[in-house]
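*Asks:* Okay, here's what each chain looks like letter by letter:
2 protein chains.
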Amino acid sequence: MAGVEPCAAAAGALGLEAVLEAATRIRGRAHRTPVLGSAWLDAATGATVFLKCENLQRTGSFKFRGAVNAVGSLSEAEARRGVATHSSGNHAAALALAARRRGVPATVVMPRGAPAVKRRAVAGYGARVVECEGGLAAREAGLARVLAETGAVPIHPYDDDRVIAGQGTAALELIQEVPDLDLVLAPVGGGGLLSGTALAVAAGPARIRVVGVEPAAADDARRSLEVGRILGARETHTVADGLRTALCERTYRLIRRHVEAIVAVEEPSIIAAMRGLWERTKLLVEPSSAVPVAAILEGTPSARGLRVGVIISGGNVDLDRLPWQEPS
Amino acid sequence: MAGVEPCAAAAGALGLEAVLEAATRIRGRAHRTPVLGSAWLDAATGATVFLKCENLQRTGSFKFRGAVNAVGSLSEAEARRGVATHSSGNHAAALALAARRRGVPATVVMPRGAPAVKRRAVAGYGARVVECEGGLAAREAGLARVLAETGAVPIHPYDDDRVIAGQGTAALELIQEVPDLDLVLAPVGGGGLLSGTALAVAAGPARIRVVGVEPAAADDARRSLEVGRILGARETHTVADGLRTALCERTYRLIRRHVEAIVAVEEPSIIAAMRGLWERTKLLVEPSSAVPVAAILEGTPSARGLRVGVIISGGNVDLDRLPWQEPS
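As given, the protein sequences belong to chains A and B, one line each in that order. Oh and the first sequence: position 238 is 238 in this note's numbering, straight run, nothing missing. Oh and the second sequence: position 289 is 289 in this note's numbering, straight run, nothing missing.
Pulled out of the complex, with its shape left as it was, chain A reads as follows (with noise of 0.2 Å):
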């Protein structure tokens, strides 16, 4: 899915200036999440760990950032023509509160298999949704359907780098408020969110070092690091859902110059993690929020002695079906 690309920095030069252009374009439209410590996690790591928490952001991820640098980076002739995207996660539910704030249409191409909650989130931020049959295949003609229908321009939710700069506004805030860190961890899927944080931290002034965490069975970003070329998302079965996603070429350029390390961990260490985030720092996140938790947990990356930020991505999660209480 093509982005366009209006900002100076397309052209491969994606830095640091992007991300701060994208600060000033969200203020006031997203939230300034807090950052949260954590006694438990400090007693656990031997570390200081410090919680971007961007569960407590709009539509209750990360995701809304991009979605709001991409939408409000439009001329206003593009946003006469509205957005769309195809997804059924956060990035639609993030696209769809971003449009309708500015007033653009948005269309959602979202599978008929999709779970009626998520459809609902979408449509009740004001998108239409437009349905296709499974796979990724009848997702892509659904959404160059509507584009050729509607002239929307598409927003790809990493392979852009509006959205790209727009996540990393996330660790820009953090280490504006907690500017003495060592090492920052991120989970990584497409990559949006780890290549706007390396941005952000890695590449900035403060050169923090940037580690991303994905699930071992959904390790394509840390194989596709090693050969040194994308390898796709096998069929994987992660309790982290929104991570089963493989990078694309804009990402793992990125995160090839900027990320120290890519590490992956096994599916009982998330489920563990996030319980004990949900238990003790009393913060409902997503399975994908506790895969950096349970990094540290592990001991790999080494947190001992050093003062860690971790962008906890979201916290949207369904109540009635949580990985402690289903048969594994």
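Just so you know, not all the hints are guaranteed correct.
Chain B stretches covered by chain A per the calculated footprint, using a threshold of three residues with CB under 8 Å from any CB of chain A [what the hints assert, rightly or not]:
1. 29-43
2. 55-66
3. 282-289
4. 313-323
No lab work stands behind these hints, which were simulated from the structure alone. Cβ coordinates follow ideal geometry from the N, Cα and C atoms, glycine included.
Starting from the structure of chain A, add chain B where the hints point.
*Replies:* Relative to chain A, chain B alone:
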């Protein structure tokens, strides 16, 4: 359980001054918890709602404030004797940690049937747990034995000026951060939080209206104010297990003097509000915290057009037994 009352304001004249002193005493010991807004609650109530998030307080509830203030108020001689209480809930965990932080021995009398998770929490904070039979009489007898054996200072969960003043610091911080509130809501069980809240804001120079909310299934506070004397808690069954206790003379007097009204909400409203808070605000709150939110969602008291503060009292929940999963 008679409290030792070293503070000057003890003789019936408890006021804002005691809350201000408590705020100084607990500074750097208890968290200054965040105040969060919610677009969902604003839309649903027509108000602008500010949630004072005591679920993010140490030990997961506002009780830590009162415990820290009480333990911090002890003379050196008293501190050497240690502290004791009977409780199986948030006060026990709060007192245990507050005592450990000052290096003071703590004993908690707990009924044999108390959930293992609560026992572990209290023991995990370093307190000695003494078992007793179920029922208030057995708990009081158990505590009396501990006091006789150890000479410990009893710290009652709410019938204690130091505790009440400490609880009031949550509302004090709230109005420091959002000074132009019209109304503050707090749940009421034994009345410690509501009394402290009233001292901080209704008895303060801002004279903000304070309303208490309790479950209709445990509406002894409302009925007590109606008939003009303390009515005991009926044998009740409410999901808001922290609010089953009755007022004491101390909290009854403060509430009668400073609180505008007590309203009651039904069980289904409490559960719906709790689930709404989880889903929409991503805050893990216990049922007691959902009680005042349920009230404004129901429109009593009317919050429309007002700036409303709500004390979110805590977040200690059994994640294996959520109210919307139980047969009701």
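*Asks:* None of the hints should be skipped; say for each whether it holds.
*Replies:* Here is how each hint holds up against the structure:
no. : hint    : in the structure
1   : 29-43   : holds (count 3)
2   : 55-66   : holds (count 4)
3   : 282-289 : holds (count 4)
4   : 313-323 : holds (count 4)
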